[in-house]
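Chain by chain, the residues run as shown.
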Amino acid sequence: MKHLVSRLGAAALAASVTMTAGAAVAAEAVKVGLVATLSGPPAALGQQIRNGFELALKELDGKLGGLPAELVVVDDELKPDVAVTRVKGLVERDKVDFVVGPVFSNVLMAIVKPVTDANIVLISPNAGPSVMAGANCSPLFFSTSYQNDQVHQVLGKVAQDRGYKRVYLLAPNYQAGKDSMAGFKRDFKGEIIAESYVPLNTLDFQSELTNIAALQPDAIFTFMPGGMGVNLVKQFRQAGLADKIPFLSAFTVDESTLPAQKEAAIGLFAGSNWAPNMDNPANKKFVAAYEAAYGAVPATYAFQAYDAAMLINKAVTAVGGDLADKAKLRSAILAAEIESPRGDFKIGNNGFPIQDYYLTVVAQRPDGKFQTEIVEKVYEDLQDPYAKDCALPAN
Amino acid sequence: MPLSLLIVQMLNGLQFGLILFLIAAGLTLVFGVMDFINLAHGVLYMVGAYFAATFIALTDNFLLGLLIALPLALAFGILLEVLVFRKLYERDHLDQVLATFGVIITLNEGAKIIWGASPISIAVPEALSGSVEIMGGIGYPVYRLVIIAAGLLVGLLLYVLVSHTRVGMLVRAGASNAPMVSALGVNIKLLFTFVFGFGAMLAGFAGAMVAPILAVEPGMGDNVLILAFVVIVIGGIGSIRGAFIAALLIGLVDTLGRTLAPFLLMAVLDPAAASQTGRALAPMLIYLLMAATLFIRPAGLFPARR
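Quick mapping for you: the protein sequence lines, in order, are chains R and P. Position 299 of the first sequence, counted from 1, bears residue number 299 in our numbering, the numbering being contiguous throughout. Our numbering runs 1000 ahead of the 1-based position in the second sequence.
No wet-lab data here; the hints were simulated from the structure. Here the structure is a predicted model, which is why all the values come from computation and not from measurement. The C-beta atom is built at its ideal place from N, Cα and C for all residues, glycine as well. Please note that the accuracy of each hint is not assured.
[To be verified] Facing chain R, a subset of chain P residues (Cβ under 7 Å, in silico):
| no. | residue |
| --- | --- |
| 1 | GLU1090 |
| 2 | HIS1093 |
| 3 | SER1118 |
| 4 | ILE1134 |
| 5 | ILE1138 |
| 6 | THR1165 |
| 7 | THR1193 |
| 8 | ALA1215 |
| 9 | ARG1258 |
| 10 | LEU1269 |
| 11 | PRO1271 |
| 12 | ALA1272 |
| 13 | THR1277 |
| 14 | ARG1279 |
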């Protein structure tokens, strides 16, 4: 009986603590929780996000919206269950005002509920699964990157415009891989001769490359992020296919993988909303500052995290530090105009950007480093196709 | 499916199988001669890859880097044997599993601390970086042909060593009946150390050879380890010949399975579903093969002990 009473007492105590934890606090500082993959092979991407965000904070003198900023960084290890535990820590223990992250879509889908249930704004500087863009859109979710399908769509349009008739598709077997093939097919009307899914973390593509050599497509489209992309590009070049078959890719050759891919990637194409050589003042300043601080060429992950910080800064200024009113905060974020390295862009009703997209190509700079460079603009002010299914208003 | 494609895919399977053989050869000897389950064999493969990557980068010469890495891998294996494994020979298999699993975790973290978490990339040496046309206009990377040649050469070397030298005879005798060998006055401790070191060097050589093709990263040995165990179970514990046949069999089944399964499934499913299902089913074939072997010949195809 005593045992039961003490257990009930403990339960009541726990319930009252969780109920008071959600109460709004008048903002004297802005606390941001950054969740990214900082270990294992994809650590390079998480590191770029962290660097980009910290660079922005340094430029803002450590303040967001005029209030002192506190940054808590956690590693999701690319494991959704670990991510949920760590993000719950950010939300319940650290009581952050914003969560920025993650890198990968599967982690995002795991952390969306814990963050939005706690009524906290979540800004993704990279992951943009279609699930978050349509009917399941959340008023607390924003993206400074893109909706995943859109980058793939760029390559589909390029393939269509360049008259490629037979294309071979290659992607890893998970949600983002499936989205990539769906995105490519949106504007490409030719023949897909194969849709080849490989297990996530495949290291040896010799089998697939042999098939590609045998089928002789007009072009190949691939989405092969991280270490997988490093291996695919190297093996593609080693198989002698790089000079024979145009390589259209998304997230496969970017500044996070180019240091490992080096010359093997030269001449390969990618789709993106930005490239380090874009000619506008904000971008020139950003790239120079990033290289000076971190000694590497920034990738999209870095500038998108930088934009996330700038967005928070503008929004917090606009609401005068009142972070408790999430509706006002949302309106401020949607209306915010920041000087982004990508140029002008808006945020649509589902929280995703409406922006320009480009075809880029890998090249070597005079100083020996590798980067992607703009070839041509493919879309102007493109909104993702799922926005119309989202019931939220545009302001 | 054109014949030229099938033949090139068989080459791929052969290359994969030979790498597996290099790793499994050391594993089967250690298990056969010393009755020691060494889960840490996979990290020896990883360590060989890291040593090769480091010294190739330092000397800027592939062959030199490889030649420095090999004796280092041997020394590292012997060090592990003297420090950790020697104390475990008399113990239960479960104790050996626990200890070597701890070694895996330690060495993986060690690699992460020393070399960082990002994959390291080394270039294929210039002279070997082209591709040759095998047949039907399909180019095959020269470097992979070199791996096949190296694997076959090592296989031959091992055969000569095991069948025609005194040391090889002792190893075979030890795999058959270790206590008897000791009772006959052979320095069994020295033999064990030699077997272990040599096995570690073989695994390190495999790691060094694949380093230019695959990214070198912490944990790269873990997946390969599972396959190596499947190889020695199918081939027969303690038998190099068994390891060779089984490794080639697995390499071929895995590669051909990956290619043919989606192709065959396209008759009943749409292309995307066929590709996904085929690629998911193919790795199962290896384990089905292992199950079938255990059912028909539980001691493996070429068991050393009778």
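Now the hints, each set against the structure:
At its closest, the beta carbon of GLU1090/P sits 37 Å from a beta carbon of chain R; the interface hint therefore is violated under the 7 Å criterion. For HIS1093/P, the interface hint is violated, since its Cβ never comes within 7 Å of a Cβ in chain R; the closest pair sits about 30 Å apart. The closest approach between the C-beta of SER1118/P and any C-beta of chain R is roughly 5 Å, which is under the 7 Å cut-off, so the hint is satisfied. Using the Cβ-Cβ criterion of 7 Å, the hint placing ILE1134/P at the interface with chain R is not satisfied: the shortest such distance is roughly 9 Å.
Hint status for ILE1138/P relative to chain R: holds, with the closest Cβ pair at about 4 Å, below 7 Å. With 7 Å as the threshold, the beta carbon of THR1165/P stays out of range of chain R, its nearest partner Cβ sitting at about 34 Å, so the hint is violated. The interface hint given for THR1193/P is violated, since its Cβ lies 33 Å from the closest Cβ of chain R, which is over the 7 Å cut-off. The criterion of a C-beta within 7 Å of any C-beta in chain R is met by ALA1215/P, whose closest approach is roughly 5 Å, and the hint holds.
Taking 7 Å as the C-beta contact cut-off toward chain R, the hint placing ARG1258/P at the interface holds, the least distance being around 5 Å. The criterion of a C-beta within 7 Å of any C-beta in chain R is not met by LEU1269/P, whose closest approach is roughly 11 Å, and the hint is violated. Interface restraint check: PRO1271/P against chain R, minimum CB-CB distance 5 Å, threshold 7 Å, status holds. For ALA1272/P, the interface hint holds, since its Cβ comes within 7 Å of a Cβ in chain R; the closest pair sits about 4 Å apart.
Proximity of THR1277/P to chain R is violated relative to the hint, the smallest CB-CB distance being about 9 Å (cut-off 7 Å). Hint on ARG1279/P holds. Least Cβ distance to chain R is approximately 6 Å, under the 7 Å limit.
Hint compliance for this structure: hints 1, 2, 4, 6, 7, 10, 13 are not met, and every other hint is.
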